[in-house]
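2 protein chains.
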Amino acid sequence: MKYVGRSIARVDAVDKVTGRAKFTGDLNVPGMLHGKILRSPYPHARIRGIDASKAAALPGVVAVLTSKDISDTRPIYSGRPVIALDKARYIGEPVAAVAAEDIRTAEDALALIRVDYEELPAAAGIDAAIAKDAPLVHDDAPGNICGHERVEKGDIQRGFAESEEIFEDTFTFPMVYHYALEPHSVIAQWTEEGVTVYSSAQHPFQVRGDIAKIFGLRPTQVRMVIPFLGGGFGSKSYTKFEPLVVALARKAKRPVKIVNSVAESMLTVRRHGARVRLKTGVKRDGTIVAREAEIHLDTGGYADNGPQVATRAATRVLGPYRIPHIRTDASAVYTNKSSAGSFRAIGAPQVIFASESHLDMIAERLGIDPAELRLKNFLKKGEELRPKLRGMDADLPSSLKTLVRASEWRRRSKKKGAAMGLACGATNAGATPVSVAMVRLLPDGTLTAYAGSTEMGQGVRTVLSQIIAEELNLPIEAIEVGGADTKVTPYDASTGSSRSTTLMGTAIQRAARDLKQQLLRIGAEALRVKSGQIQLLDGAMIAGEMRLTFKEAVERRFGGGGELIGHGDVGPEITGSLPVFWEIGMGSAEVCVDKETGEIALTRYVSVADVGKAIHPEGCVGQEEGASMMGIGHTLFEQMIYEDGQLVTAGLIDYRVPRFADVPAEFETVLVENEDGPGPHGARGMGEGGLVAVAPAITSALARGYGVRIRDLPLTPERVWRALKAK
Amino acid sequence: MKYVGRSIARVDAVDKVTGRAKFTGDLNVPGMLHGKILRSPYPHARIRGIDASKAAALPGVVAVLTSKDISDTRPIYSGRPVIALDKARYIGEPVAAVAAEDIRTAEDALALIRVDYEELPAAAGIDAAIAKDAPLVHDDAPGNICGHERVEKGDIQRGFAESEEIFEDTFTFPMVYHYALEPHSVIAQWTEEGVTVYSSAQHPFQVRGDIAKIFGLRPTQVRMVIPFLGGGFGSKSYTKFEPLVVALARKAKRPVKIVNSVAESMLTVRRHGARVRLKTGVKRDGTIVAREAEIHLDTGGYADNGPQVATRAATRVLGPYRIPHIRTDASAVYTNKSSAGSFRAIGAPQVIFASESHLDMIAERLGIDPAELRLKNFLKKGEELRPKLRGMDADLPSSLKTLVRASEWRRRSKKKGAAMGLACGATNAGATPVSVAMVRLLPDGTLTAYAGSTEMGQGVRTVLSQIIAEELNLPIEAIEVGGADTKVTPYDASTGSSRSTTLMGTAIQRAARDLKQQLLRIGAEALRVKSGQIQLLDGAMIAGEMRLTFKEAVERRFGGGGELIGHGDVGPEITGSLPVFWEIGMGSAEVCVDKETGEIALTRYVSVADVGKAIHPEGCVGQEEGASMMGIGHTLFEQMIYEDGQLVTAGLIDYRVPRFADVPAEFETVLVENEDGPGPHGARGMGEGGLVAVAPAITSALARGYGVRIRDLPLTPERVWRALKAK
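Here the protein sequences line up with chains A and B, keeping their order.
Counting from 1, position 27 in the first sequence corresponds to residue 27 in my numbering; the numbering is continuous, with no gaps.
Counting from 1, position 17 in the second sequence corresponds to residue 17 in my numbering; the numbering is continuous, with no gaps.
If you are wondering where the hints come from, they were derived from the structure by calculation, not from laboratory data.
Note that this is a predicted model, so its numbers are computed, not measured.
Since the list gives no way to pick out one identical chain from another, each pair is judged satisfied if it fits inside one copy or across any two copies.
Each computed DSBU-like pair below joins lysine-lysine, with the alpha-carbon atoms no more than 35 Å apart:
#, residue 1, residue 2
1, K153, K380
2, K2, K487
3, K487, K22
4, K16, K2
From just these sequences and the hints, can you work out the full model?
Laid out in structure tokens, this is it:
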């Protein structure tokens with residue numbers, strides 16, 4: 001292949017390095033006001049009244065938004081209003097917002113708003129929230145359960161009865177933040193025809209639908225325009241405060257822009273903290289017989305996609321293993337904290353940290369090599385993990401054998417004192433299989449592609465360009481993949497769940513093929529050959545000595561002007577059942593611990609990703625390395641700490657993310673390409689899988705080398721030092 | 001049929017009557033400046049220098065544009081620059097432009113610009129321009145000929161030799177103005193990515209191409225957005241001062257809006273004045289044997305589409321008649337007047353006034369009834385008018401017989417003193433057959449159509465909605481046809497030459513059929529029937545008792561979200577050769593003249609249009625009546641008068657257009673529907689044909705009733721009075 005499988009220069013590289021690439025915060029629209037949000041200082045409080053009169057009277061202030069202004073709107077997720085109504089449910093919840101001629105005036109106005117709060121007892125965390133007589137975050141959610149998922153298979157009692165050994169462990173995972181470089185930014189412009197929203201949103205069509213529902217508009221009256229995103233990682237999936245900015249613009253009768261500070265974005269969305277209790281029954285030879293899991297996820301004040309995270313976690317805790325008897329329960333729990341939502345591989349890092357650590361402990365206790373234990377229990381290709389899910393579509397042993405080989409596991413892990421661990425993860429990914437795409441071949445022979453995927457650094461525009469280029473044998477330079485604009489680009493379910501290469505890739509491939517058929521019909525007629533005799537080469541059709549460029553083909557079709565349109569779509573038929581693919585990530589870690597300080601140095605990390613087929617190998621490696629670094633973050637450093645309901649780690653001073661110095665001295669990514677994915681050329685999604693193995697691999701390396709098994713992340717020096725002390 | 005052939009409410013009716021419909025002048029973009037143009041006060045002058053320093057220094061002025069700023073641009077038509085370079089060629093030519101914070105400041109700044117002119121001898125009109133030693137308007141156009149077309153057939157000498165009678169007459173036609181209610185308006189916004197232009201342009205894709213060429217951009221870097229137009233009639237076809245506004249915005253580094261005054265628009269474009277000399281040889285029984293024509297058209301300072309007008313005029317002077325021997329010459333002539341361009345039925349009213357008056361004079365001199373003379377000589381269906389043109393595709397006798405019947409010609413024209421005349425016209429219309437369209441069926445079951453046709457009052461959005469509705473049996477309310485936006489809507493050659501119903505109508509019909517096939521595939525699978533067994537009804541597929549709505553079909557295809565895209569295009573294959581169709585217009589007039597004043601009262605006018613199939617009958621009648629009224633204007637009232645190169649009729653005070661009081665007491669339009677056009681359901685274009693018969697019909701009515709044959713339009717009271725006096 002000429003374009004696919006090659007690490008071509010990113011199509012947005014020049015725009016990005018020259019600063020020409022525009023992000024939402026860079027945009028200004030005519031007559032635009034600047035907005036600021038007043039946030040609740042209490043984790044849980046009744047709002048008895050708001051006096052915004054002084055703020056409204058401040059010169060330069062155009063509108064102050066409070067709950068009185070949104071009585072005609074409908075909530076979206078689990079009672080989440082556009083702005084707090086009678087109650088505030090977390091510190092940082094928007095209770096009022098100001099639109100003013102400039103930011104400074106908006107900020108000054110916030111200070112003039114008087115809110116009469118009645119503080120209420122708060123459900124500070126999972127334990128407090130699920131305790132008997134806990135204060136209710138939402139009156140209609142008894143026990144503060146916002147979502148619950150149970151997975152059952154076989155007979156769990158019989159499973160444990162048939163087991164020869166039963167192990168039980170509990171693990172915790174901290175709340176962490178995505179820390180995309182670009183905080184959430186939104187511009188909304190309300191007109192009598194509808195509303196235009198520029199947003200750093202990953203899922204433009206979902207936000208469009210939500211705004212339409214909230215404000216009683218038709219979806220086509222809502223136009224979402226998505227510039228480049230400065231990273232997403234799930235933090236910009238679903239609808240965030242777009243409705244608030246829309247309501248503010250509606251009231252101000254002028255466009256309004258709100259750009260979050262980092263601290264505000266941290267209060268906007270985060271990863272669910274989790275507690276995972278696992279009970280696993282095995283035969284003495286390591287065969288897994290039964291697993292019971294109880295998972296609690298800290299969703300915060302509003303549901304966002306918490307229920308979905310619970311649903312995924314209840315499955316993802318099973319690992320890619322054959323387990324005859326299963327019962328897992330996952331609960332998303334309302335607490336008086338900021339809302340948790342999607343975060344790269346939703347629900348997976350939490351439960352895979354637990355389940356892979358647990359499996360390693362079992363291996364240790366049974367005296368079985370961790371790699372062997374996994375190989376013994378892996379699902380075969382096509383085998384079902386649990387009912388109602390599509391069977392495993394990847395060759396798991398090939399990934400693990402690749403990891404064992406690349407990491408030199410057999411030699412290095414057997415050395416005396418070797419602090420080396422490995423872990424495996426498989427997640428049901430790909431999300432909703434609905435993507436529609438269009439390509440337009442213009443009279444100058446260039447092609448413009450319309451795809452609703454959002455470019456957030458993952459390289460989707462480059463990959464789609466490659467897929468089109470390959471299908472049509474058209475140089476990359478002749479192809480332009482634009483940004484998402486719901487007025488222009490056809491429907492796409494979302495950009496997330498590693499789905500774009502596979503799903504939008506398939507839609508755009510089909511669109512290119514539709515165009516190709518049209519070109520071949522024109523070519524066959526022009527060159528007087530059968531279309532089967534035509535080869536495509538560099539933007540031309542070739543038959544023997546004859547040649548017709550695409551440009552000439554358009555000219556021939558229309559005589560001047562015109563354009564050829566190809567379209568393609570993909571729906572559930574792509575795989576018949578979900579998941580669209582299993583995303584496979586495995587990794588091995590080697591660590592060295594400073595026993596005086598407890599500080600862990602990650603000396604070597606090898607990551608293996610089964611990508612089916614790497615459309616852009618360097619892009620895949622970059623994604624995998626980025627995911628691994630993100631995993632290193634939540635394993636060693638990152639945690640959002642609340643004190644009295646207040647987030648005290650709201651910025652890089654207090655919230656430690658991995659730095660370049662934290663990159664492992666030896667850091668390798670190996671791609672497995674069995675061309676067995678459902679996407680173009682056998683690709684499957686990737687970019688999330690690299691995240692899940694890091695924490696259990698490092699934790700196991702620590703346990704195997706230093707004899708301390710830590711069940712709570714992150715592995716801070718203090719925690720490691722205490723564990724070493726307590727040994 | 002359920003939607004086609006019905007006079008449904010216009011889809012833009014509510015927006016228009018409530019004022020919600022936006023025109024370019026209504027738009028404002030962020031940071032927008034207002035522009036004004038400094039125009040030459042001389043018909044012909046060398047520009048020795050421009051001192052814009054005082055204007056540039058005026059507070060509030062952001063940029064002053066002169067020829068120095070456009071050294072990197074390329075001219076488009078026959079040397080027409082973005083702004084005058086070394087010479088000004090007509091009074092009113094832009095020589096400088098100012099962009100300022102407000103209009104008043106821009107106007108004030110104009111007065112501060114000093115232009116050092118050297119006045120040159122001017123070519124004031126056709127005679128002066130083609131005289132020996134005439135001053136040259138363009139150095140590279142000897143004899144001031146900007147375009148010349150010769151049509152030849154048979155042997156003209158032999159033709160005259162074989163003729164029994166030879167007649168020769170000369171006619172003149174005034175320069176007239178379109179007088180669309182909305183003057184030309186443009187907003188341009190230049191960014192490093194390209195340029196966005198909002199314009200009252202009829203042909204967005206042509207303007208896009210011109211701007212790209214002028215400024216060295218790729219066509220996709222130029223985005224043309226076209227709001228509603230307040231009338232066009234050709235005045236907004238091709239590129240007008242969009243490039244000037246783009247250059248000004250480029251210099252100002254901010255968006256700039258320029259809205260013409262009526263006087264400025266009159267200096268921007270007009271219809272070619274013409275002199276037509278005709279020589280026709282006939283047999284005594286009225287059979288036409290030979291025709292020679294010499295046509296001169298006053299194009300003005302720059303070509304615009306003058307050459308094309310000459311090309312059309314050279315053919316259109318032949319009428320829809322069988323003439324064995326032909327030689328016609330049409331010349332577009334540069335003069336030092338404002339530029340002439342397209343105007344409803346380009347080149348036709350001028351030459352058809354001449355040729356039909358001439359034919360009537362022949363009928364009179366031979367003693368043959370004018371209707372009989374025409375019936376005798378009409379082309380048969382399929383018969384060729386001249387080489388290289390598609391044969392006549394309409395049944396001409398059926399139109400004339402309809403006119404004779406509806407006007408009661410046989411009874412009323414035979415009455416003593418009857419002042420009744422009739423005339424026929426057939427023009428090769430339809431223009432370039434290149435249109436591409438797209439329809440998108442959204443998950444809510446509504447359909448959005450993307451068509452590049454511009455809505456300028458002619459009702460194209462309504463007609464396209466009807467064609468889609470009919471194809472899919474989908475209620476009109478579920479269909480939205482948006483405006484032209486070259487970023488969004490596929491390529492369309494133009495909106496003009498009566499082409500949209502036929503050509504864009506076919507493209508959109510094909511797009512709807514493409515969608516229909518997709519729906520039927522889904523329906524057949526869902527209802528377990530063959531697609532042939534499915535009927536469409538009100539947005540649903542019906543098979544026996546079973547029913548699947550379009551909404552359900554999208555849901556079934558995708559499981560949620562998604563959309564179905566259909567596309568269609570039309571190219572030269574629609575008819576194989578040009579014209580795409582012949583546009584047929586015939587009319588009869590009855591007049592009553594006040595002999596004291598010479599004032600003509602048009603007491604009765606019957607117009608017949610062969611529309612093939614009326615998609616929207618009331619719309620067709622409205623177009624025909626509007627065209628007839630416009631014809632009444634140039635027949636009785638309108639003329640642009642120049643004195644010393646200065647237009648002295650620049651406004652409604654001095655330029656007399658038809659008023660409601662001028663509507664004929666009896667005014668009837670009859671549509672001929674033989675369903676033999678190339679468009680959807682047998683439609684052919686209309687809306688221009690109603691214009692061409694008016695002048696010769698009225699002139700002949702005057703001649704027949706009052707004995708004076710006037711060869712020069714308009715038939716002002718003075719001219720008629722003098723003719724009556726001279727009788």
